[in-house]
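A.B. asks: Listed here are the chains, written in short residue letters.
4 protein chains.
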Amino acid sequence: MEVGFLGLGIMGKAMALNLLRSGFKVTVWNRTLSKVVFEKDGILEQIGEGKGYIDMSTVDVDTSSRINEAITNKGGRFLEAPVSGSKKPAEDGQLVILAAGDKVLYDEVVPAFNVLGKKTFFLGSVGSGAKMKLVVNMVMGSMMNALSEGLSLAVSSGLNQETLLEVLDLGAIANPMFRLKGPAMIQASYPPAFPLKHQQKDMRLALALGDKNAVSLPVAATANEAFKRARGRGLGDLDFSAVHEIVKTIQSSGDAK
Amino acid sequence: MEVGFLGLGIMGKAMALNLLRSGFKVTVWNRTLSKVVFEKDGILEQIGEGKGYIDMSTVDVDTSSRINEAITNKGGRFLEAPVSGSKKPAEDGQLVILAAGDKVLYDEVVPAFNVLGKKTFFLGSVGSGAKMKLVVNMVMGSMMNALSEGLSLAVSSGLNQETLLEVLDLGAIANPMFRLKGPAMIQASYPPAFPLKHQQKDMRLALALGDKNAVSLPVAATANEAFKRARGRGLGDLDFSAVHEIVKTIQSSGDAK
Amino acid sequence: MEVGFLGLGIMGKAMALNLLRSGFKVTVWNRTLSKVVFEKDGILEQIGEGKGYIDMSTVDVDTSSRINEAITNKGGRFLEAPVSGSKKPAEDGQLVILAAGDKVLYDEVVPAFNVLGKKTFFLGSVGSGAKMKLVVNMVMGSMMNALSEGLSLAVSSGLNQETLLEVLDLGAIANPMFRLKGPAMIQASYPPAFPLKHQQKDMRLALALGDKNAVSLPVAATANEAFKRARGRGLGDLDFSAVHEIVKTIQSSGDAK
Amino acid sequence: MEVGFLGLGIMGKAMALNLLRSGFKVTVWNRTLSKVVFEKDGILEQIGEGKGYIDMSTVDVDTSSRINEAITNKGGRFLEAPVSGSKKPAEDGQLVILAAGDKVLYDEVVPAFNVLGKKTFFLGSVGSGAKMKLVVNMVMGSMMNALSEGLSLAVSSGLNQETLLEVLDLGAIANPMFRLKGPAMIQASYPPAFPLKHQQKDMRLALALGDKNAVSLPVAATANEAFKRARGRGLGDLDFSAVHEIVKTIQSSGDAK
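Chains as they are written, first to last, in this note's numbering: chain A, 1 to 257; chain B, 258 to 514; chain C, 515 to 771; chain D, 772 to 1028.
Just chain A, same shape as in the assembly (with noise of 0.2 Å):
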């Protein structure tokens, strides 16, 4: 199989390096990805008959669904990918691959899924695999603002947070995202693997899916409200668990009780 990649982020460059090695061959585009479908000289002149394009960033699903309608309206095909997991699982080829789209060429590139991912799903129609992303960041995000909201209680309540780390770590809501951020937040550290930014739009998106369907989502709105002052706060690049600058207490002396 022929592979075309456009765009050599820090994802990108781990995926395609994997799909080398694998025996693909890879051919790269090392261009700006915005607007790149449809702007003059884009990706959209290129695309005919049978041609495939996926789509393995995070777009919204209103973003999927136009590029969808312009690739299949000039004979080609289309499947989004979004993926679960950042650069480290990138590079072991570790990532989970969220696909939806064209069921045909789903088949035809699941070998390379099969390179990049240590799990690939097929969602459905397009849309699926961006509003998959977006439920399951929305949980993240409520669980993000849970760490810090304990991690607050306990030093204000004279204990530990490592050893709240710790006992976390050893019971039925142990998950990597706490063993892996927590002694980072304790030290107030937030270097950017996911920014607090992007954290927010997918929250907002996602409540706004929500809104869509009339669904009630009061922890998600609630720890969206966090984000937000953290961003209002400029804290929007540095990672998502920035938001632990807002959470935390900053306690005075005084009259606190």
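Heads up, some of the hints might be wrong.
[To be verified] Ranges between beta-carbon positions, derived for each pair:
1) A:Val-104 with B:Asp-494: 35 to 41 Å
2) C:Leu-531 with D:Ser-828: 21 to 27 Å
3) C:Pro-697 with D:Lys-889: 19 to 25 Å
4) D:Gly-794 with C:Arg-693: 49 to 55 Å
5) A:Glu-162 with C:Ala-688: 32 to 38 Å
6) C:Ala-688 with D:Asp-833: 26 to 32 Å
7) D:Asp-863 with C:Glu-676: 22 to 28 Å
8) C:Glu-676 with B:Trp-286: 26 to 32 Å
9) B:Ser-382 with D:Thr-843: 40 to 46 Å
10) D:Gly-819 with C:Pro-705: 37 to 43 Å
[Unchecked claim] Derived SDA-like pairs (lysine to any residue); straight-line CA-CA distance at most 20 Å:
11) D:Lys-859 with C:Asp-751
12) D:Lys-889 with C:Asp-683
13) D:Lys-858 with C:Leu-684
14) A:Lys-119 with B:Glu-423
15) C:Lys-633 with D:Glu-933
16) A:Lys-201 with A:Lys-212
17) A:Lys-88 with B:Leu-427
18) C:Lys-762 with B:Leu-427
19) D:Lys-983 with C:Gln-675
20) B:Lys-360 with A:Glu-91
21) D:Lys-796 with D:Asp-833
22) D:Lys-874 with C:Asp-751
23) C:Lys-617 with D:Asn-931
24) B:Lys-375 with A:Ser-22
25) A:Lys-248 with D:Asn-931
26) D:Lys-983 with B:Pro-452
27) C:Lys-726 with D:Gln-932
28) C:Lys-715 with C:Thr-677
29) B:Lys-469 with D:Glu-933
30) A:Lys-118 with A:Glu-91
31) A:Lys-248 with D:Lys-1019
32) C:Lys-633 with D:Lys-859
33) B:Lys-345 with A:Gly-171
34) A:Lys-212 with C:Asp-683
35) A:Lys-212 with C:Asp-574
Just so you know, the hints here were simulated from the structure itself, not pulled from any lab data.
None of these values were measured; they are calculated from a predicted model.
Glycine included, C-beta positions come from ideal geometry on N, C-alpha and C.
Here the structure of chain A is known, so what remains is to put chains B, C and D in place on it, guided by the hints.
C.D. replies: What follows is chains B, C and D alone, placed relative to chain A:
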């Protein structure tokens, strides 16, 4: 070491058996635990100089402090040691023990704790064990709501809920609770492993602890309101995952849009 | 002054009659308002150099901006002027008018506004009228939830709800909305003066405006989730006070405690 | 009627003067109120068969019940009568009196209540007065947050906050509190008419009352978290409108978008 065991509920029975199997001499009083310390012919009358009393149930900070005072006034020694974990970990000797109080007594009973649990923490003065348990359960309650909202948004968006659970289980927020409770929640099955009314009580106590220290905990407060609503609907004796009955939207066919 | 009047709904009819009674020359086009500006034979074709177009409906900021652009491109002048107030104030000439856009046009039509309303504000550039209306309705939506929760807490605590309304009406937070809607809410009567789905849409738009500017609005966000839940239960066409059906607790006889 | 008056704070002084002016015989004990009922030489020792004791301070339900029990055990009669209203209404005899307890005693003292207040309610058994006050203050606390969020959204959207107050004051949600506190909040001026820590305490007690009855109060719970955050920042002794310092966004110039 001679161990007197008071109360043989599900947890106590498993724990006493483990101690017996490991060669401890165990005497059991199978009486009702409520008020057992202070009542006539209660434990307090048996306490004398140097005797140790260990409370492994989950009591609140105030009760624990009162017991501690009564015991030490009679020359006894007190250790609170609530556990994290339910029936299965108790049987397997895989509990997490959150001890606090008399450090000398703690050091004496560590061999017994090592039989009961996979990890034991000594957290400081009386009350710290109870507080740690409240913090953990507060984080757990917020996470349960996060999962429930995720399932609700998924199904209303046309996504398969089982697939969402699979995707979650492959990523950074994978955790045993989602794995265990998620499939049952989809089936609206809530056999009481940890009753909702107890979870809501712990969230109330955690929020009260935060209130005392002027710590703002908006996500936990919002999750608590969902648990309260569930209790108000008569779901208090079901598992705490039954909050899903409140969170999930009963879609009307009509004018949701 | 010659006034062309477009759209005779409940509000428009009352307003046009008031203008006629005050001696204005009024021409009425009783057509469907939707898309009337941009469609073939629409208003835009009638707009020429210097002509004024005033939009007194409640449109969102983006739509208002697009209309403004289309009109000014043809040499016309545009004023948005959404109103605060419903049928009765419209009939009595007691509306509050939130105008924004072309200041010269505004000054010309002030005599007409004085007939329609008790007070007119000029708020600046196009969009400011729409924004002001969103802010007002957001505060109103939070207050409606505050009242609903108060009624719920009262009845569950054994207090008389009518007495609560009396007490509220004698104090610092007495307001016409509580006075008007409160007694009906106790009776579970929600004749649609302002439909819940419109109120929820305004809260969604207000929260989106806040999101754009990174403003955290946790109380409004929580109130919005209650309105969404109400919409999901099929209450969208009732009055927005029907959120009370969601807030008030359906007490189970059983294990609420 | 002979009236003994205990405690001459701002409120008590104004009330005692009004009684004197109306011809009541008033004896004043100007002692510290705290624990006055139960302490040695306290009020309880003066209580005999048929004597009446009226508590017009704001106490919680439990304290009121304990006082009631102590007094009636000695053959006395008890009435709780917390008031709605602050210094000015107290001086003007325009308080709202929320009485509960001994109905015969109530009927006897109505003439005195008529001097002190513009309206008196008899609400039933002891505790009902305290509960009614909590419900009213809970609604007030949510409304204060609603106003604060409205001011914050306005200013961040480029709207004039004074104009927002004007518009609010002309519509269905116009109320004395917005009129009185709004302008001061814009100026970040919070002279303590009702201290924030007392408002937060009342919201905590109202939420606890709801918890007891399994009533979900998400908007009040969210408002309470804002008041707690304010307390944590050392604003507890300022007016409760100082919650605005927490709600309003400190905009960073940087990456809010």
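A.B. asks: Each hint needs a verdict: does it hold in this structure or not?
C.D. replies: Results for each hint:
no.: 1; hint: A:Val-104 with B:Asp-494: 35 to 41 Å; result: violated (51 Å)
no.: 2; hint: C:Leu-531 with D:Ser-828: 21 to 27 Å; result: violated (56 Å)
no.: 3; hint: C:Pro-697 with D:Lys-889: 19 to 25 Å; result: holds (21 Å)
no.: 4; hint: D:Gly-794 with C:Arg-693: 49 to 55 Å; result: violated (36 Å)
no.: 5; hint: A:Glu-162 with C:Ala-688: 32 to 38 Å; result: violated (52 Å)
no.: 6; hint: C:Ala-688 with D:Asp-833: 26 to 32 Å; result: holds (30 Å)
no.: 7; hint: D:Asp-863 with C:Glu-676: 22 to 28 Å; result: holds (26 Å)
no.: 8; hint: C:Glu-676 with B:Trp-286: 26 to 32 Å; result: violated (55 Å)
no.: 9; hint: B:Ser-382 with D:Thr-843: 40 to 46 Å; result: holds (41 Å)
no.: 10; hint: D:Gly-819 with C:Pro-705: 37 to 43 Å; result: violated (57 Å)
no.: 11; hint: D:Lys-859 with C:Asp-751; result: violated (44 Å)
no.: 12; hint: D:Lys-889 with C:Asp-683; result: holds (12 Å)
no.: 13; hint: D:Lys-858 with C:Leu-684; result: holds (15 Å)
no.: 14; hint: A:Lys-119 with B:Glu-423; result: holds (10 Å)
no.: 15; hint: C:Lys-633 with D:Glu-933; result: holds (15 Å)
no.: 16; hint: A:Lys-201 with A:Lys-212; result: holds (16 Å)
no.: 17; hint: A:Lys-88 with B:Leu-427; result: holds (14 Å)
no.: 18; hint: C:Lys-762 with B:Leu-427; result: violated (40 Å)
no.: 19; hint: D:Lys-983 with C:Gln-675; result: holds (19 Å)
no.: 20; hint: B:Lys-360 with A:Glu-91; result: violated (48 Å)
no.: 21; hint: D:Lys-796 with D:Asp-833; result: violated (32 Å)
no.: 22; hint: D:Lys-874 with C:Asp-751; result: violated (46 Å)
no.: 23; hint: C:Lys-617 with D:Asn-931; result: holds (17 Å)
no.: 24; hint: B:Lys-375 with A:Ser-22; result: violated (43 Å)
no.: 25; hint: A:Lys-248 with D:Asn-931; result: violated (32 Å)
no.: 26; hint: D:Lys-983 with B:Pro-452; result: holds (17 Å)
no.: 27; hint: C:Lys-726 with D:Gln-932; result: holds (19 Å)
no.: 28; hint: C:Lys-715 with C:Thr-677; result: violated (33 Å)
no.: 29; hint: B:Lys-469 with D:Glu-933; result: violated (36 Å)
no.: 30; hint: A:Lys-118 with A:Glu-91; result: holds (12 Å)
no.: 31; hint: A:Lys-248 with D:Lys-1019; result: holds (18 Å)
no.: 32; hint: C:Lys-633 with D:Lys-859; result: violated (31 Å)
no.: 33; hint: B:Lys-345 with A:Gly-171; result: holds (12 Å)
no.: 34; hint: A:Lys-212 with C:Asp-683; result: violated (37 Å)
no.: 35; hint: A:Lys-212 with C:Asp-574; result: holds (17 Å)
In summary, the structure is inconsistent with hints 1, 2, 4, 5, 8, 10, 11, 18, 20, 21, 22, 24, 25, 28, 29, 32, 34 from the numbered list given earlier, while agreeing with the others.
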